[in-house]
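Generate coordinates for the entire structure from the input sequences, incorporating the hints supplied.
Sequences listed follow chains A and B, in order.
Okay, so the first sequence: first residue is 1 according to my numbering, each after it adds one.
Okay, so the second sequence: first residue is 335 according to my numbering, each after it adds one.
Keep in mind that the hints were calculated from the coordinates and are not lab data.
Certain hints may be false.
Cut-off 16 Å, straight-line C-alpha distance, at most; resulting in silico cross-link-like pairs (EDC-like, lysine to aspartate or glutamate) [as the list claims (entries may be wrong)]:
hint: 1; chain 1: A; residue 1: 273; chain 2: B; residue 2: 549
hint: 2; chain 1: A; residue 1: 201; chain 2: B; residue 2: 621
hint: 3; chain 1: A; residue 1: 268; chain 2: B; residue 2: 616
hint: 4; chain 1: A; residue 1: 201; chain 2: A; residue 2: 43
hint: 5; chain 1: A; residue 1: 268; chain 2: B; residue 2: 594
hint: 6; chain 1: A; residue 1: 273; chain 2: B; residue 2: 621
hint: 7; chain 1: A; residue 1: 205; chain 2: A; residue 2: 183
hint: 8; chain 1: A; residue 1: 205; chain 2: A; residue 2: 43
hint: 9; chain 1: B; residue 1: 677; chain 2: B; residue 2: 667
hint: 10; chain 1: A; residue 1: 42; chain 2: A; residue 2: 4
hint: 11; chain 1: A; residue 1: 205; chain 2: B; residue 2: 621
The structure presented is a predicted model; accordingly, all values stated were derived computationally and were not measured.
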Amino acid sequence: MTSESLVDVRDLVKYFAVTRGIIVRRNVGWIKAVDGVSFTIKEGETLGLVGETGCGKSTTARLLMRLLDPTSGTIRFAGQDVGARRGSQLRPLRRQVQIIFQDPFASLDPRMTVGEIIGEAMRIHRLAAGDAVHGRVQEIMERVGLNPDRHDRYPHEFSGGQRQRVGVARALAVQPRFIICDEPVSALDVSIQAQVLNLLKDLQKEFGLTYLFIAHDLSVVRQVCDRVAVMYLGKIVEVAARDDLYALPMHPYTQALLSAVPIPDPEKERSRKRIVLQGDVPSPLNPPPACRFHTRCWKAQQICREVEPPLEAHSPAGPDHPAACHFAEAAQVV
Amino acid sequence: MPSTRDSGERMPVTGAPPPGSCLLEVEGLGVQFQTPSGIVRAVDGVGFCVYSGRTLAIVGESGSGKTVTVLSLLGLIPRPSGRIVGGRALFREADLLTLRSEEIRSIRGREIAMIFQDPLTALNPVQKVGSQIIEMIRAHERVSRRAARARAIELLRLVGIPSPEQRVYGYPHEFSGGMRQRVMIAMALSLQPSILIADEPSTALDVTVQAQILELLARLQDEFGMGMILITHDLGVVARVAHEILVMYAGRMVERGSPDELFFAPRHPYTWGLLGSVPRLDRRSGERLVSIPGMPPSLLHVPPGCPFHPRCGFRFEGCDRERPDLEWRGEHEDACFLTLEQKEAGERQVLGARGR
Chain A
1 MTSESLVDVR DLVKYFAVTR GIIVRRNVGW IKAVDGVSFT IKEGETLGLV GETGCGKSTT
61 ARLLMRLLDP TSGTIRFAGQ DVGARRGSQL RPLRRQVQII FQDPFASLDP RMTVGEIIGE
121 AMRIHRLAAG DAVHGRVQEI MERVGLNPDR HDRYPHEFSG GQRQRVGVAR ALAVQPRFII
181 CDEPVSALDV SIQAQVLNLL KDLQKEFGLT YLFIAHDLSV VRQVCDRVAV MYLGKIVEVA
241 ARDDLYALPM HPYTQALLSA VPIPDPEKER SRKRIVLQGD VPSPLNPPPA CRFHTRCWKA
301 QQICREVEPP LEAHSPAGPD HPAACHFAEA AQVV
Chain B
335 MPSTRDSGER MPVTGAPPPG SCLLEVEGLG VQFQTPSGIV RAVDGVGFCV YSGRTLAIVG
395 ESGSGKTVTV LSLLGLIPRP SGRIVGGRAL FREADLLTLR SEEIRSIRGR EIAMIFQDPL
455 TALNPVQKVG SQIIEMIRAH ERVSRRAARA RAIELLRLVG IPSPEQRVYG YPHEFSGGMR
515 QRVMIAMALS LQPSILIADE PSTALDVTVQ AQILELLARL QDEFGMGMIL ITHDLGVVAR
575 VAHEILVMYA GRMVERGSPD ELFFAPRHPY TWGLLGSVPR LDRRSGERLV SIPGMPPSLL
635 HVPPGCPFHP RCGFRFEGCD RERPDLEWRG EHEDACFLTL EQKEAGERQV LGARGR
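This is the structure we're talking about:
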């Protein structure tokens, strides 16, 4: 890949063993959570990763953080192989890669004050010591829109939106280059969601941050991302620049996904044609062979059940807009 | 009248009231809760009509009082902490708010049914789904188990569950989220209610499954001519299915009107903020979304006057003293002191860039 990409993921695979038995554990199958995912993210860019429950987007995030070890594949961050590092060698990486979690209630230690939560990582990474930590914490709190005087309060004294700001402040505290946002606004009310999205955008501009933005909400993704990758059952089925994906979706799954999202405009909703898929997403334990979408796809033919379609460009989409489908063609659904 | 959906003409079954007749009329509803920290005014002066064959959407953020509103209609407010402090809800000449608990029980489920956001907690995990539907039918009607089972299978088929003859013996954990919500819908429909209340029916579901459930509800409404109250925070869902919209804030009504009026000529500053806050699939709202500063007030300390005034960019003298009220009859209504000209200018100022 080009030298300017900050994150370079190649053929990433993560299988979880499904075991049975207590004393003798037999392996009875694999959950193929992530199955051959490749993408790159340029410095300063926001890549959106979208998909439904169980498509492997959060597992991908945990692999990038090295919270999980991949089954195979490589992850390069700023040219260095992340997978080769062990133990304390990971620490410099962990400073540069931070994560913001979905649930601001579960991801903050209830017995630490907000100031301690934000300051802890600074101490661990020796970015500040003693009284300097206190000053930095207040500075960051102010920057994310929290009242710095409240640094000695506990998470339960804050509302959901404010807690998510604490999560953002904690990530920012160690001056990272890359932040993984795992469904950062899906637990928030719309008016609060807009505040947090605006904040993430402002911080990106100010600090030159790179984001991987994981979400199931395609409208949110359109608002914040530069490029979007769509996942289905552990595989990327389509990648494109933001406006290309929404204007010219090539993969039938992307088209169905986009057409399912309601638009807050009654006139558009009345005239839109809708693709309603049958059934649910199949289980990632025994996913369908070849093209994994063939069980729900209205275009499926014999070849879809036998040959896995590669992620490649199809006209009229350009080379930067590949889709993994034998019958990819553009359709307007938004 | 509110606009019609694209799904074609409605064909009510025989015996169903004609579309557009008022089934339930709520007026001046007030609900309070006594808590250790004081009195929570959860709902204050809410009124609306539910028409047969039409969907009323109640929209608002968490804590706006939308769920409490419908729970109070069904006699499901926890007592003694919760108290209905005013208003009436006329259904078939009876006031739901004053009925004794046996009387409301014969209406709940049979006449007015409800489906909840989370089907996993609403279903009994240790009872087969078929038995749960049969129990519901037999609680209200004198029919044999065999007849009730046949009806349960028919209902599961109606809501699109494959091979219902086998699935009727399944337990809730054997169903996916979307399928469980279908079971809930089957159960709610089992007694052919005239009103269906759906509290965030698709929020916990993936978007492709949400589309299936919304489609199903619209189809069933066409078939049975039910009146529907849809509670949601998702303005996209509202635009897709609602015939009439009620926007709530801090337990009060702030605006009411048809989808076209609410989305294309909104009059209340809170509605502008909500519309501007929602990211859209069909276009980017520029670099930044319009956002409402601050957060919704605690219902323990609802601001005096207009409850929205501390967050409102258009407040003026008097907004913090006098409370604007909303007429609940008639067409497009809103609870704001601005003049119509000011509202038109305000909407352009907040939402101008979005176009139509």
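Against the structure, the hints:
In summary, the hint linking residue 273(A) to residue 549(B) is supported, as the alpha carbons are separated by about 13 Å, within the 16 Å threshold. Pair hint residue 201(A) plus residue 621(B) holds up; C-alpha atoms about 8 Å apart against a cutoff of 16 Å. Simply put, residue 268(A) and residue 616(B) have alpha-carbon atoms about 9 Å apart, close enough for the 16 Å limit, and the pair holds. Simply put, residue 201(A) and residue 43(A) have alpha-carbon atoms about 15 Å apart, close enough for the 16 Å limit, and the pair holds.
Between the alpha carbons of residue 268(A) and residue 594(B) the distance comes to roughly 11 Å, so the proposed pair stays at or under 16 Å and holds. Restraint check: the Cα-Cα separation between residue 273(A) and residue 621(B) comes to about 29 Å, which exceeds 16 Å; the hinted pair is violated. For the given pair, residue 205(A) sits about 20 Å from residue 183(A) by alpha-carbon distance, which is inconsistent with the 16 Å threshold. Of the supplied pair hints, the one linking residue 205(A) and residue 43(A) holds, its CA atoms being roughly 12 Å apart against a limit of 16 Å.
With a CA separation close to 12 Å, the supplied pair residue 677(B) and residue 667(B) stays within the 16 Å bound. Distance hint between residue 42(A) and residue 4(A) is fulfilled; the C-alpha atoms sit about 6 Å from each other, no more than 16 Å. Restraint check: the Cα-Cα separation between residue 205(A) and residue 621(B) comes to about 11 Å, which is no more than 16 Å; the hinted pair holds.
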